[in-house]
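Q: From first to last, the protein sequence lines stand for chains A and B.
Counting in the numbering used here, the first sequence runs from 1 upward without gaps.
Counting in the numbering used here, the second sequence runs from 1 upward without gaps.
In short, the hints are calculated from the structure, not lab data.
Hints may be right or wrong, so weigh each one.
[To be verified] Straight-line distance between alpha carbons at most 27 Å, and here's what the computed DSSO-like set of lysine-lysine pairs gives: (1) K4/A to K80/B; (2) K307/A to K201/A; (3) K31/B to K4/A; (4) K18/A to K85/B; (5) K83/A to K307/A; (6) K201/A to K240/A; (7) K201/B to K135/B; (8) K12/B to K135/B; (9) K126/B to K80/B; (10) K85/B to K4/A; (11) K307/A to K80/B; (12) K12/B to K4/A; (13) K31/B to K307/A; (14) K173/B to K126/B; (15) K207/B to K135/B; (16) K80/B to K5/B.
[Claimed, not checked] Chain A is faced by these chain B residues, among others (derived, beta-carbon under 10 Å): (17) L55; (18) Q92; (19) T99; (20) L134; (21) T157.
Every residue, glycine too, gets a C-beta built ideally from N, C-alpha and C.
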Amino acid sequence: MNLKLLFAGSARMMLRHKTRTVFMAVGIIVGVSALVFMRAMGVGAEQAMMENINRTFSTSSINVLAGGGHMGPRAGGPVTTLKMEDFQAIEAAVPGVALWGVMQWVPKQDIRYQGITRQMSIYGYSDKPEAVWQRGIIQGEYFSAEDVDSASRVAVIGTNAAAGLFGTEDPIGKQIQVGSVPLRIVGVLEPQGIDTHGSDKDDEIHVPITTLMRRIMNVDHVFGGRVVLDNPAKVEAAAKQISALLRERHALAEGEPPDFVAITPKLVQDIVGNANRVLGRYLPAAAGVALLVAAIVIANIMLIAVKERVPEIGIRKAVGAENGQINFQFLSETVLVALTSGLMGAALGIIAAVSYGALSTTPMVVTPGAVLLGLGAAALVGIAAGVLPARQAAMLDPVAALR
Amino acid sequence: MIRLKGINKVYKRPDEGPLQVLKNVDLTVGKGEYVAIVGPSGSGKSTLMNILGLLDRADSGDYEIDGQSVAGLPAGTLAKLRNTKIGFVFQQFHLLPRTNAIENVEIPLIYSNADNPEQRAIDALKRVGLGERLKHYPEELSGGQQQRVAIARALVTNPELILADEPTGNLDKVSGEDLMGLFDQLNTDGRTIIVITHDEKLAERAKRVVRIDNGQLTEVRQSSNRSGATQMGEVA
Ligand SMILES: Nc1ncnc2c1ncn2[C@@H]1O[C@H](COP(=O)(O)OP(=O)(O)OP(=O)(O)O)[C@@H](O)[C@H]1O
Ligand SMILES: [Mg+2]
């Protein structure tokens, strides 16, 4: 069989029946471009989320939170058993601890400045917060270790919070009021946008944890803390040691559920990865429907085409085409249309994804995998749609076909 | 090169009873012969042609081509034999529309492994006198020219046997005579030709004439004596 001639003939066939070809192509172009576009959106979202996670949970740190469950509010009030002393004990007992810090927070407090009142969350951190929590200062400075020791009345403020309270005025040195506690602004936080829970990280203030616990909240427990190790390889082992140590310090009996949780980066990535995988299944399902419709349309058009081309098939058989060759020829025609449309769809999807990424804030990441997936899907559609018509063509009786 | 012995063909019809179209047909055609098959409409000529051309199988009887019995051969082998040994010419030309002369003539070469298909197609078209019309579409050619393209397509694999079913049926007088001249030429070159025809003139030019009546084959004339044509008055 001369494949070059055969494919040249198929290409002619496509060009000659332009309307038919366009009808066959449209579904695949839509399906594949949607697939590539949505995949780019999915991968973009996943990468953005992973970046976010890696920023908040650097690969060598463990977040220890009070309560056995999640980071959100709990039924039955806060768990009060996690203390700053627990972290001092961790530093002493667990090898490889480079840094640690503790954190407490209180949501939606009325913050007043002159006539203005604005609700925002207050976070308290122990010393070296920039190193432990990976968030810097763009103006002024963070509070110091002495501020933490002496529960100083100082705060650093997010950019949106500052704009809300002070407008265009310089925030540094401004005196704000939380209840009866006055706080002096010493720095402005690096902008961080919206976090994974949907809260605005630029509309909050940070104060020394001692200030928050003693002067504002009047509690002696922390919400959680972060232990940073000198080597990411030590994380899993350290997490086990931390768990054992805290169980002992909190006098938990064997089998009793923990009143804390130690979150490692791996755990977070597993959870988020899972969520994304579910997401990644629904997005292409929509494209899958488009491709299924395309397959049905193509199969029908090809069935009609086979009927129209009965004399042609008769001739081909008369001049020596075997059934298998006719079958292959018709199948390859469909696959050729499908693959060409797939390429066009992929190109369209890439262009759409890149333009959308450039024109909006949505992160879009086109991967070779997505393009290959699109082309594979197109080829599959071509094959699925072509099998039946090709078979019909191959089974035609040449005598009847030529009558 | 062809030997039919006791060929029977019965069509089963759902409404009426079975119809025996060929009855115990014997026919031997040697290499280089030029045979016309004549007979009234519905007598079984095309049926015989389809069997000779390996497009259809007889219900019983022997068919040997170049000494090989074809009865038990698988469909793939029959297709290969059609590709290499037989060239078909039809009344309706059966060219692919909007496909130029070269591309039409190349079709049999899609299914063979011949090298240089384009050159072969061009050579075949030159042989039938269409060297100037290589890139023309069927729609741009006269009936006679279209039939020549079809003959070029039949010749392109260089088969020994040309089977033609009423090749002049759709041609005007002049084109028909052109085509007869071409057939004479092909036969002179050594090709075996079997042609079904209602056309008295075409039958006249054949070296031998057989007649089918109601499925039975009889020899009419077996020489190049062209005066024998008078026996065919009733055919035309
Ligand atoms: N597939 C079929 N099923 C049933 N009957 C058929 C079939 N093919 C042909 N016949 C019948 O067989 C008979 C012979 O047909 P055939 O086509 O061989 O005749 P023919 O001699 O070529 O006629 P014409 O000169 O009109 O072309 C006709 O009566 C025709 O109706
Ligand atoms: Mg006939």
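Q: Would the hint linking K4/A and K80/B be met if the CA-CA limit is 27 Å?
A: Roughly 19 Å separates the two Cα atoms, so the pair holds.
Q: Return the status of the interface hint for L134/B: holds when the least beta-carbon distance to chain A is below 10 Å, violated otherwise.
A: For L134/B, the interface hint is violated, since the closest Cβ of chain A sits about 16 Å away, which is over 10 Å.
Q: Take a quick look at whether K80/B and K5/B sit within 27 Å of each other, Cα to Cα.
A: 23 Å, holds
Q: Taken at face value, is the distance from the CA of K135/B to the CA of K201/B at most 27 Å?
A: 32 Å, violated
Q: Would you mind confirming whether the straight-line C-alpha gap from K207/B to K135/B stays at or under 27 Å?
A: Cα-Cα ~35 Å, so violated.
Q: Given the hint that K12/B pairs with K135/B, does the C-alpha gap stay at or below 27 Å?
A: Answer violated: K12/B to K135/B is near 44 Å, above 27 Å.
Q: Can the restraint linking K31/B and K307/A be considered satisfied, given a maximum Cα separation of 27 Å?
A: 38 Å, violated
Q: Take the C-alpha atoms of K307/A and K80/B, compute the straight-line distance between them, and say whether it is at most 27 Å.
A: 25 Å, holds
Q: Taking the least C-beta to C-beta distance, is Q92/B closer than 10 Å to chain A?
A: 8 Å, holds
Q: Checking one constraint from the list: CA of K126/B to CA of K80/B, max 27 Å. Satisfied?
A: Within the cut-off at roughly 25 Å; holds.
Q: Regarding the pair K12/B and K4/A, is the alpha-carbon distance no greater than 27 Å?
A: Violated. K12/B to K4/A sits at ~42 Å, over the 27 Å cutoff.
Q: Is it true that the CA of K201/A sits at most 27 Å from the CA of K240/A?
A: 31 Å, violated
Of the numbered hints given earlier, the model fails hints 2, 3, 4, 5, 6, 7, 8, 12, 13, 15, 20; all others are met.
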